[in-house]
Amino acid sequence: MKIQNTFFVLALLLTQSLVTAQDKYVDKNGQVTFEASEKLFEEVKATNSSVTAIFDSGTLEIASLALVKGFTFKNSLMEEHFNENYIESETYPKATFKGNMKDLDVSSLSDEVIKVPVAGTLELHGKSKEVNTELDVKRIGDIIEMTGNFVVAPGDFDIEIPKIVANKIAKQVQVALHFKFQKR
Amino acid sequence: MKTRFKYIIVATTIVAAALAYFGYQYMFPEQRNILEEEVAFTLPPESLNEAFQAETQGLDYIDQVVQTTGKVTEFDSGWIVLDNHIQANLLPSNLDAPLSKDMEITIKGRCVGYDELLELVKVDQATIILY
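Listed in order, the protein sequences are those of chains F and Z. By the numbering used here, the letter at position 63 of the first sequence is numbered 63, and the numbering carries on one by one without gaps. By the numbering used here, the letter at position 22 of the second sequence is numbered 1022, and the numbering carries on one by one without gaps.
Just chain Z, with the same shape it has in the complex (with noise of 0.2 Å):
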């Protein structure tokens, strides 16, 4: 009797050690982490905006993660612009990135969405991954 009321006891605790696990998981699920994430589509600055004016209004592209090259054509601390198509904010890891105007690299982002006020596609949590 006694080691059946054990079995119970153990049996019991580690359900319900499973169950808040699995519970927590799926109430605090891990944040995306876009540099490990696969690339969905690699394009040019310019393809990218351009998918933004079709028809489909670039739904396909919106938080997906995208790689692109381009040249710099304006910076600052935490963002770059490229080819005056593309607005990636980058993720602080990049921060110390020696860059300068025209210069050509690839990034990796996410992108959010089109800004219409300057015509730019913003995408965000960028990294530098080619100078």
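Okay, chain F solo, but in the shape it has when bound (with noise of 0.2 Å):
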């Protein structure tokens, strides 16, 4: 009886860890771009295209992690200033976003484009801002795709930007996002 009681929780276990591996969505190469470009002056922006992000489509929790380092800008001093003053990627290596894609039924997404908001908190240099958005999202084939845009402020995460350059860079970051997920 033992026996037989231990296959079960076995077997029990065994299907859910599928069940769950399942639900998994996974992008290993998604892109992040952020843009605090004034008129007039140089670009600043940057992009990440190895950021990943793993959706859960059972619990549609959404989870994404970049390193502050992958980021690359057009101006590699501009890079160097951005990990050392800015971001201080050394101490604060990574940036992470955790979330929550409300209303969305997985099994009904097809290749039309249909917007989710998603509420999570975003996480860098060591602090922690609310997010609010709404995510494109769509399926191709297997592939489920999500674009969107947000915007953060420097000061939400105690960035400091020196007077010097305070005119060249925008008081409000323009962040987008495009991941494409594949089932894990």
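The hints are simulated quantities; they were obtained by calculation from the structure and are not laboratory data. Keep in mind that the hints are not guaranteed to be accurate.
Unchecked claim - Capping the alpha-carbon separation at 25 Å, the derived lysine-lysine pairs in BS3-like fashion look like this:
| # | chain 1 | residue 1 | chain 2 | residue 2 |
| --- | --- | --- | --- | --- |
| 1 | Z | 1101 | F | 180 |
| 2 | F | 183 | Z | 1071 |
| 3 | F | 45 | F | 171 |
| 4 | F | 183 | Z | 1101 |
| 5 | Z | 1101 | F | 24 |
| 6 | F | 94 | F | 45 |
| 7 | F | 127 | F | 45 |
| 8 | F | 24 | F | 98 |
| 9 | F | 24 | F | 94 |
| 10 | F | 102 | F | 24 |
| 11 | F | 163 | F | 98 |
| 12 | F | 74 | F | 171 |
With the hints as a guide, dock the two chains, each given alone in a separate frame, to form the complex.
As structure tokens, then:
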């Protein structure tokens, strides 16, 4: 009897883990771009094309991680200043987002774009901030594609912009993301 | 008097040009070329991954050029996973590289950091240097 019970529990655990594995969608090379350019001044823009994102279609949770050193600028001096003086990537090497996609019915996704609200927390430079935005979501074959934009301010994350460059860097930073999730 | 005036003009032009040149070099330095840079660390994928679990949190490796040899455990266009420990994002010049699972390859790239979600060390601007 005991052995049977053990088998039952094992079988249950196995099916459960299979179910969770099926629900997971992963993008190992998501793209996140931020831009804080001001008119007439040099472009302040960086892209990270190796952002990890995991989407759980069961719980509708989404988690993302960007290594700060992975953001590349056109101007490498700007990249150096970004890493050393602003974001302090040695002390705070990653930026993370954890959120939930409300009202998303994964089974009804098609190649037609739908807008899905997302609420979550963005953490970088050792500080957290609530982010509420909408993502454009569609499904092409086995891939769930999500794109979106939101705005953050350097001040929200205790990132100080020195006065001497303050007029060259926008107070509002535009963040754009593009994820292509594949079933794991 | 005239020659002296000419001399001043020529000298000023040369100095201004030099200042402009070095100023530009300072403001817009060349991008790093990882393929051309010397390798700072050569180690297996597992050791690199372990370095990020250690107390130093792999700080010594971040932003350094690393070279590593391992088995391809997963791959897609533009990226490979070696020994389930490293994800290397390849430079466009590698896109045609014939890859298959379990083949052993050596790559050289820039260590970006540790990704907790995937439990992989991420390496970018990587080049396959040996099949």
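Hint check:
no., hint, result
1, 1101/Z - 180/F, "holds (22 Å)"
2, 183/F - 1071/Z, "holds (23 Å)"
3, 45/F - 171/F, "holds (14 Å)"
4, 183/F - 1101/Z, "holds (19 Å)"
5, 1101/Z - 24/F, "holds (22 Å)"
6, 94/F - 45/F, "holds (18 Å)"
7, 127/F - 45/F, "holds (21 Å)"
8, 24/F - 98/F, "holds (15 Å)"
9, 24/F - 94/F, "holds (22 Å)"
10, 102/F - 24/F, "holds (17 Å)"
11, 163/F - 98/F, "violated (33 Å)"
12, 74/F - 171/F, "holds (20 Å)"
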